[in-house]
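J.: The listed protein sequences derive, respectively, from chains L and G. Position one of the first sequence corresponds to residue 992 (this note's numbering), numbered consecutively onward. Position one of the second sequence corresponds to residue 992 (this note's numbering), numbered consecutively onward.
Among the hints, a few may not be true.
One copy or two, either will do: identical chains are not told apart, so a pair holds if it fits within one copy or between any two.
[Claimed, not checked] When the alpha-carbon atoms are kept at most 27 Å apart in a straight line, the in silico DSS-like pairs for lysine-lysine are as follows: (1) Lys-1101 with Lys-1158; (2) Lys-1170 with Lys-1201; (3) Lys-1101 with Lys-1170.
Treat the hints as calculated values from the structure; they're not laboratory data.
2 protein chains.
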Amino acid sequence: MLVGIIGGTGAQGLGIAKRLAIAGVDVIVGSRQEEKAIKVVEEAIEEIGQYNPAKMIGMANEDAAKEADILILTVPLQAQVATIKSIKDYVKGKIVLDATVPLESAIGGKVSSLLHVSHGSAAEITAKLLEDEGARVVVAFSNISNSHLANIPEPIDCDCLICGDDKEAKEVAAEIIDKIPDLRAIDVGGLEKAHLIESITPLLIGLNIKYKSHYGGFRITGVDFE
Amino acid sequence: MLVGIIGGTGAQGLGIAKRLAIAGVDVIVGSRQEEKAIKVVEEAIEEIGQYNPAKMIGMANEDAAKEADILILTVPLQAQVATIKSIKDYVKGKIVLDATVPLESAIGGKVSSLLHVSHGSAAEITAKLLEDEGARVVVAFSNISNSHLANIPEPIDCDCLICGDDKEAKEVAAEIIDKIPDLRAIDVGGLEKAHLIESITPLLIGLNIKYKSHYGGFRITGVDFE
């Protein structure tokens, strides 16, 4: 399994890339600029070398999308549409984990406020844009704080809600998520649930700001997932 | 402190009423029909008598609103506007805890789907309708399952997110919520956060349906609230 992180040089994408590499998953870190991806990966390998990571490779987003079996989209909302259009030709039938959240910061507003977007959610925008390519979109990683991801090798005390319309794609997403210590994937249903998952993110960010934390997360209680 | 539960004969309102009475808070259970409220309260007192509850009184919603110091609104969305209009004259300056959630079931749809409503959230509809009365609206109890509330005397393993624009009102709300065993009030900010809190409810209901539970809830992790 080769995972390509589209927009992988940002805090979220790079955090996921490092976590997965440490968990033994080969990853491609994609960026708009190939040189940036290569440089960032060099630094990352140096940083996490002690954990004996799997392969990490820096590439342009387009090449990452082409080479990888599974994609993880980690871009801010304002880069979402352009990024997806740039990789569209290489996504055919692939599983796309989408971490995009429609935060108001995309239009200069608050990072703790939600935007209402077309199609109901950021993930449904992704799905719509990649409809003709048969991409199988799964919401994933939307609720996990960047600080948590960066806090290597500490486990992440948070549940990772996922949703999507393709059962196999969700199984693969859960498998990837569950490789990160203490992170727990929970399937909440079809892609129409995406806006409910995405709504949790500004709420957690707001708690982080209000109570001066960086690690706001949550655990679902009272449900037996076995 | 005398708490009036508006729409208190439904599962949610009655669950809150019993829990508060057991915690030593005098409650009025309001209903559209006074006789119904009186009958339901008689049964409730019989049921929880062993826990030495505080006073429970059944009244028409209007009288409950008039007599109580603090109101808790527990009606389904389709009854929200009419109910608020019916009690409007008695709400002046009072603290109103609002548990209303805009579930799609209000229009015959799914209980696990959210409706987008005017003003952004059910609680902001309440606040708008009670604006001239100077009511101080706090979102509360929206995420707590009715089964949890009914499961007396078991503690409730869930956080209870609250938000509102009046600091004192939120303190009172937290004081009331924290009287119920294990329930923890968490202030997430101003009333503009209401839609984020309300979004969690259909998600939890969806998990309950999907995984055959009645007790789906959540705990915020990674934030120190002290």
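J.: Now tell me, hint by hint, if it's right for this structure.
T.: Going down the list of hints, with the structure as the test:
| no. | hint | in the structure |
| --- | --- | --- |
| 1 | Lys-1101 with Lys-1158 | between (34 Å within a copy, 21 Å between copies) |
| 2 | Lys-1170 with Lys-1201 | between (31 Å within a copy, 24 Å between copies) |
| 3 | Lys-1101 with Lys-1170 | neither (32 Å within a copy, 34 Å between copies) |
Violation of the numbered hints given earlier is confined to hint 3; every other hint is satisfied by the structure.
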